[in-house]
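Undergrad: Based on these hints, arrange chain B on the given structure of chain A.
Here are the chains, one letter per residue:
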Amino acid sequence: MNEKNSSLLVYTLIYFGFLYIPVLFLPIFSFNDANYMSFPLAGFTTDHYEEMWSKRNLHKALWASVKVGVVASVVSTAIALLAAKAFVRYKFRGQNVSYGAIMMPFLIPEIILAVSILIIWINLGLPLGLVPVTIGHILFCTPFAMLILIARIEGFDFSLEEASRDLGENAWGTFYRVSLPLYLPGIIAALLLSFIISFDEFILAFFLSGSDATLPMYMWNQMRFVKKLPHVLALGAVIIVFTTFIVLLAFWLRNVGQGKEKQDIAIKL
Amino acid sequence: MNENFIQINGISKHFGNVKAVDDVSFSIKEGEFFSLLGPSGCGKTTLLRLLAGFEYPTNGNLLIDGSDITALPPDKRPTNMVFQNYAIFPHINVEQNIKFGLRKLGLTDDEIKKRVDDVLALVKLEGYEERFSGQLSGGQRQRVALARALVRQPKVLLLDEPLGALDKKLRDEMQLELRTLQKEIGITFVFVTHDQQEAISMSDRVAVMSEGKIQQLSAPNELYKNPENIFVSDFIGETNFLKASTKSKDGEHINVAIEDLGDFKVKNNLNIPENSSDVVCSVRPESMMISRDKSDWDICLEAKINQTSYLGEMTRFYVEVSGINKVITVSSQHFDNQSFENNTCFISISLEDISLLQKK
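In order, the protein sequences belong to chains A and B.
At position 56 of the first sequence (counting the first as 1) the number is 55 in numbering that gives the first Met the number 0, and the numbers step up by one without a gap.
At position 103 of the second sequence (counting the first as 1) the number is 102 in numbering that gives the first Met the number 0, and the numbers step up by one without a gap.
Keep in mind that a hint or two might mislead.
[What the hints assert, rightly or not] Listed below are the simulated EDC-like cross-link pairs for lysine to aspartate or glutamate, each with C-alpha atoms no more than 20 Å apart in a straight line: (1) B:LYS154 / A:ASP156; (2) B:LYS98 / A:GLU153; (3) B:LYS113 / B:GLU128; (4) A:LYS90 / B:GLU54; (5) B:LYS182 / B:ASP117; (6) B:LYS103 / A:ASP156; (7) B:LYS98 / A:GLU160; (8) B:LYS75 / B:ASP64; (9) A:LYS90 / A:ASP156; (10) B:LYS212 / B:GLU227; (11) B:LYS75 / A:ASP211; (12) B:LYS182 / B:GLU29; (13) B:LYS154 / B:GLU2; (14) B:LYS75 / B:GLU54; (15) B:LYS75 / A:GLU160; (16) B:LYS325 / B:GLU237; (17) B:LYS103 / A:GLU161; (18) B:LYS168 / B:GLU312; (19) B:LYS242 / B:ASP262; (20) B:LYS242 / B:ASP203; (21) B:LYS224 / B:GLU312.
Hints were generated in silico from the structure; no laboratory data involved.
One chain only, chain A, in its complex shape (with noise of 0.2 Å):
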């Protein structure tokens, strides 16, 4: 190895460990037999983890993070799916404007999207809790949806479409025979990442979301009171571990089936 791969190799190293070194703590600590983050290490348990099966609000919270996350990943991934068509497959009018619109939630500061909708909700006189949080999320969620989705779709040969058409199918039937299985990776690869969006969002939750706390706001929560620290590590660790997997599977799902039509153009070529 020459001189230059070995300081690319102390920037990638040091790169990583700024990046992660942070994260590592959570999972350490949370099995510190101790109520402070502090060094040296008290000794090992796992009795934070076990804390957790018995607080009855940690569960409720996971519950409405599920239940958020399901249905803002479903709805946001379903506008998504039909915008992403639309702006691949067709030109119209006004369809930078369209796109910019859709775009805008990436764009605008979190904090604001949630004062807005704040705003609006309480001017409706309806009571705030899950139902703004979701609709916050579906906001949130959809360009990032729509990203994934129009890279899939990019790549998709319309005139299998038509050969579909051509063969005697209608439009559903070519949807559900010919587009759905192969944007399908991409759909789930959108689900995916919308839930995890959704099920880590702490700014639209803690404005919106009232007395019914998502997990996130729980651990928020539960920080205040220095007794509650270790088991709210602990459940930290498990979610940085759920998240990773889900983003993995995102990505390797979101490549599924590319490498065989590279194969494909390579043989046509």
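TA: Frame of chain A; chain B shown alone:
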């Protein structure tokens, strides 16, 4: 045999200001191998897509076997298409691709199996049932696309430049195979191509298109021997254009003054009027000869040859006739192989095969 199996009546298709197909009317016979030939952008593919139902005409109507299909969606038409890129479904195997279009035909399992087996034998793809598109060569994909369309036993098979992606040798083989296949099954083929050799060698009749209009519709040999306008004469094969003007008619013939060459009597198939100055004579390379000695052909001119370029079947000569530079293309078999460059020799033209054409 139904002479008007496919009727195209006053069909136009406009995309914005572009008239892709411009008021076209003709009929295609039952069981015919019919080609739409023209350069890219001439409207041939649009016309095919109108027949398939992927586009709807701005004006006019379409009939197949007596029933009006103008407003029918693609899935309700008695046509099937072989796509330019074949459009094989990548997520299912060859057998499932072929069965794809049979689902709604209400066949029993036995009938489906028989049809699939028959069509696989027809396109010589037995043993490839389990393969996926990515595991097939270009020629095999083409056969899958063909099988998938034919298994539905359409009244009309539409082919959109299906041989374009294949290499020369395979293309020649497939031309012959397609032609044989079509004769065997007797289904009407409508074939789109920009390759004149392909259209001429395979078709019963060819419609040459340009700028959204049919320039000429006739049998392949007629296109070559009796082009009806300058576009067709220029597009089909090589030719030499000689400027001319007409004089008096003489029965089926007409007297013309060919620029720089003098007065001659030629056939007047297109009934071009007398005293028209906007005409050209189209002379095919095989109606010309270059020789060292004077010949007894209808026209024999002394010329000086400045340069030659050998094109295989044809040779191009850059000549000087009575002090005027001209480029002529002559069939290579019509001269002996010695160098003519910078020599005086004779250009002979046979008037028998000259086509007299009118400029627009």
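Undergrad: Given the hinted pair LYS113 of chain B and GLU128 of chain B, is their Cα-Cα distance within 20 Å?
TA: Distance ~14 Å between LYS113 of chain B and GLU128 of chain B Cα, so the pair holds.
Undergrad: Does the structure keep LYS75 of chain B and GLU160 of chain A at a Cα separation of 20 Å or less?
TA: holds (15 Å)
Undergrad: Does GLU237 of chain B sit within 20 Å of LYS325 of chain B, going by the straight-line distance between their CA atoms?
TA: holds (15 Å)
Undergrad: Within a Cα-Cα threshold of 20 Å, do LYS154 of chain B and ASP156 of chain A meet the stated pairing?
TA: violated (27 Å)
Undergrad: Are the Cα positions of LYS75 of chain B and GLU54 of chain B separated by 20 Å at most?
TA: At roughly 14 Å apart (the allowed maximum being 20 Å), GLU54 of chain B and LYS75 of chain B satisfy the hint.
Undergrad: Could you grab the alpha-carbon distance between LYS75 of chain B and ASP211 of chain A and see if it respects the 20 Å cut-off?
TA: Distance of about 54 Å is beyond 20 Å: violated.
Undergrad: What's the verdict on LYS90 of chain A and ASP156 of chain A, does the C-alpha distance respect the 20 Å limit or exceed it?
TA: holds (16 Å)
Undergrad: LYS103 of chain B and ASP156 of chain A: Cα distance at most 20 Å?
TA: violated (24 Å)
Undergrad: Need the status of pair LYS182 of chain B, GLU29 of chain B: alpha-carbon distance at most 20 Å?
TA: holds (12 Å)
Undergrad: With a cut-off of 20 Å on the C-alpha distance, tell me whether LYS90 of chain A and GLU54 of chain B pass.
TA: OK: LYS90 of chain A and GLU54 of chain B at ~16 Å, within 20 Å.
Undergrad: If you draw a straight line from the CA of LYS98 of chain B to the CA of GLU153 of chain A, is it 20 Å or shorter?
TA: violated (27 Å)
Undergrad: Do the alpha carbons of LYS98 of chain B and GLU160 of chain A lie within 20 Å of each other, as the hint requires?
TA: holds (16 Å)
Going down the numbered hints, you'll see the structure goes against 1, 2, 6, 11, 20, while the others check out.
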